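Engineer: For the protein sequence lines, the chains are Z and H, in the order given. Residue 107 in my numbering is what sits at position 107 of the first sequence, and the numbering runs on without skipping anything. Residue 74 in my numbering is what sits at position 74 of the second sequence, and the numbering runs on without skipping anything.
Hints are computed from structural coordinates only; laboratory data are not their basis. Only a predicted model underlies this, so the values are computations on that prediction, with no experimental measurement involved. For glycine and all other residues, C-beta sits at the position ideal for the given N, C-alpha and C. Treat each hint with caution, since some may be false.
Unchecked claim - Chain H regions said to be covered by chain Z (calculated; three or more residues, Cβ under 8 Å):
1) 37-44
2) 76-88
3) 114-127
Claimed, not checked - Derived pair list, reagent style DSBU-like, types lysine-lysine, alpha-carbon separation capped at 30 Å:
4) Z:13 <-> H:98
5) Z:27 <-> Z:8
6) Z:27 <-> Z:13
7) H:98 <-> Z:27
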Amino acid sequence: MRYLTARKRAEGKGAAGTGTEHFWYMKMSGVGLALIIPVFLVTFGRAIGGTREEVLATFAHPAMAILTGLVIFFGLRHFAGGAQTMIEDYTHGSTRRALVIFTTILSYGLIATGLFALAKIAL
Amino acid sequence: MAESTEVERPLSPHLQIYRPQMTSISSILTRITGNALIVAAFLIVWWLLAAATSESYFATADAVLTSWFGDLVMTLSLWAVWYHYLAGLRHLYFDAGKGLEIETAERLGWACIIGSVVLTVITLFLV
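With the rest of the complex left out, here is chain Z:
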């Protein structure tokens, strides 16, 4: 037990107890995605429509594998954060908790699947 007053422990954390973490994560991931999304859109757009050999060659390139991995990870974490905000705006109670859990699981599930596929292609 630290010698802190109750007020000091609560200060700046708000009702959720985590302060502005969520808000700040959305900003950080948003700025990060803004830097890489334009490149991804063009490179991915060029890859789609090719034969399997061409697609594998594209995503086996280190730069493309790293870029795609970053887009998948931060894109889906950014999605989960935004979707959670939407869920919290429109639903309450158990429905809210169930939907937030579902969204989080969906996000991590897609991240794991995407990274597995990339690893299999690139390594």
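With chain Z held as given, fit chain H onto it using these hints.
Structural biologist: Frame of chain Z; chain H shown alone:
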């Protein structure tokens, strides 16, 4: 999350009362585009997994993504990314305490809508 018992409270005027405005429409479009992009994310991850797995699995996923329906979903998603992108930049600007005058905010809303269409067309030319 502590939930208190349901109390009947007066509601403030809501969507059905307000006339659609550029500020509200551009805001709700940000939410719709951001959340709708899960469809594209799902398809892309599936397509990558199929490519990593086998020739026949890739043929299936690729047929879906490159069908007319896949093209439609991907093109709409491309617009959604660009809209969400510009709206996100606008939010960063708003967060800095700038551009909040009604006229400026409305002009920025139009910039997001027109800019996203222009960027979508440019991207389609580049790919």
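Engineer: Now, for every hint given, state plainly whether the structure supports it.
Structural biologist: Do the hints match the structure? See the list:
With 5 residues having a Cβ less than 8 Å from any Cβ of chain Z, the segment 37-44 of chain H passes the three-residue criterion, so the hint holds. Counting residues of the segment 76-88 of chain H whose C-beta lies closer than 8 Å to any C-beta of chain Z gives 4; at least three are required, and the coverage claim holds. With 4 residues having a Cβ less than 8 Å from any Cβ of chain Z, the segment 114-127 of chain H passes the three-residue criterion, so the hint holds. Between the alpha carbons of residue 13 of chain Z and residue 98 of chain H the distance comes to roughly 26 Å, so the proposed pair stays at or under 30 Å and holds.
For the given pair, residue 27 of chain Z sits about 26 Å from residue 8 of chain Z by alpha-carbon distance, which is consistent with the 30 Å threshold. Of the supplied pair hints, the one linking residue 27 of chain Z and residue 13 of chain Z holds, its CA atoms being roughly 18 Å apart against a limit of 30 Å. Our distance criterion of 30 Å between C-alpha atoms is met by residue 98 of chain H and residue 27 of chain Z, whose separation comes to about 16 Å.
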